[in-house]
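Which chain is which? The protein sequence lines are G and C, in order. As numbered in the working numbering, residues 1 to 327 make up the first sequence, in order. As numbered in the working numbering, residues 1 to 107 make up the second sequence, in order.
Derived from the structure by calculation, the hints contain no laboratory data. A couple of the hints might just be wrong.
To be verified - Partial list, derived from the structure: chain G residues whose beta carbon lies under 8 Å from chain C:
#, residue
1, 16
2, 103
3, 240
4, 244
5, 248
6, 321
Computed from a predicted model, the values in this text were never measured in an experiment. Think of the CB as a built atom: it goes at the ideal place given N, C-alpha and C, for glycine as much as any other residue.
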Amino acid sequence: MNVALVFILWLTAHSWIVRTTQGTYEDAIHAQNLSGPVAPSLMTRRGLTNWSVWAQFQIGPEPWRMREVNLILSGIVGVLVGLLAMQLGGSGLMASGVMLLHPLTVEPIAMISGRAELFAAIGVVGACLALLRLPRAIGLLTALGCLAFGIQGKESAALAIVLAPLCLLAFPRAVWPIRWVRFAVALGVCVAAVMAWRIRGELDQPEMLITAGSWALHQVTATFRLITLAAIPLGQTIDYDYDHASRLMQIASVGGVVSLAVLVPLLWQRWRLEALGIAWVLIVCAPRWIVRSPRNYLNEHGFYLALVGVALTIAAVAQRQLAHDVS
Amino acid sequence: MRSACSKAACVALLVSYALLTFRYGAVWQNELTLWTRAANHAPRKPRPQINLAVALMEQRRFDEAWALLAIVEAQLADDAQMPAWDRREAVDAIQANRLVIARLTPP
């Protein structure tokens with residue numbers, strides 16, 4: 001297996017999406033919003049995503065053009081995740097392969113607003129790589145630049161303040177004293193929690209009529225279903241019915257997520273990269289358990305950043321198995 | 001030998017991902033294919049059903065769209081689990097789409 005095979009598989013696998021001449025429901029919404037002059041209110045949140053879609057819409061609003069750009073962005077994410085996996089001792093080709101070929105990547109590429117996920121992933125993975133590879137000052141500045149880039153794509157990129165120090169904690173570098181790294185992880189968790197709580201306050205509306213507990217239960221069910229889909233990608237759909245999920249499924253989901261959380265410290269000593277990958281998935285999904293956005297449970301394109309964690313885990317297992325076979 | 005098996009397993013995993021991605025990509029060809037799949041996966045959720053009805057309307061299959069909206073309306077009456085925001089939006093969407101169908105179909 002080599003890079004050329006993965007590249008050919010990537011282009012072939014996504015050929016339907018870029019060949020499509022008809023738009024789907026989102027294209028019509030964007031056509032309404034973006035056909036006129038740019039509205040300043042449109043650009044304050046997710047500015048990079050909105051600007052890029054608006055600028056492209058002025059050139060040509062055809063859906064396939066939008067999707068081609070999304071496909072190229074997903075290619076950049078694939079390369080960055082491969083580099084990150086190699087830096088952390090995993091198989092770079094497997095990590096890239098998962099990020100480029102997994103069926104859960106279809107939605108972020110096919111949906112116009114999926115571009116937000118792609119920008120966010122570039123920002124987060126870029127920040128991790130900068131801290132792990134570059135000299136201290138340059139690395140920190142580059143990581144901050146990547147963080148700003150990602151947040152302008154989507155606010156979930158703010159999780160880089162937890163994920164990047166966590167990568168350093170898992171794979172320490174001499175240039176970063178471990179005390180600083182531990183402090184950065186703790187600080188990142190606190191800042192992310194405060195940000196999630198503030199966003200929760202902004203989004204909460206009295207007419208939502210759903211309790212925080214019920215919301216969390218639905219979102220954990222969504223999280224576990226997506227983790228299951230990451231492992232066995234059969235049954236994807238744009239709009240899954242979590243409101244009618246059985247109580248048994250909800251309980252099993254909570255059990256599954258708790259089991260994964262317990263696995264992280266158990267694996268941390270011997271299988272560090274696998275533990276980091278699982279922790280990555282849970283950290284990315286956790287804010288959605290408390291941030292209530294009406295009618296919008298965690299969906300497949302929202303799982304794109306979490307898929308990086310899945311890719312790291314698979315890359316770690318593959319590398320370990322290949323190294324074991326050789327020895 | 002074991003190394004070859006591991007490599008083959010890696011290739012098989014990535015090829016299977018690629019095949020499944022290719023297959024799922026076909027669902028995103030147009031509104032009808034997208035919402036038909038979504039409606040099949042979530043038969044009790046109003047949003048996919050209503051969006052499928054809209055896709056049918058775009059293809060001028062008004063009878064099928066009208067029948068689908070009637071089914072969703074009947075489900076709304078029976079469903080106690082549905083969140084209030086979904087119910088409100090579904091009722092509005094059903095009414096709006098029926099008006100469109102009534103306007104576009106000859107008496």
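Practice problem: Identify every previously stated hint that the structure contradicts and give their numbers, smallest first. | Solution: Those not satisfied come down to hint 5.
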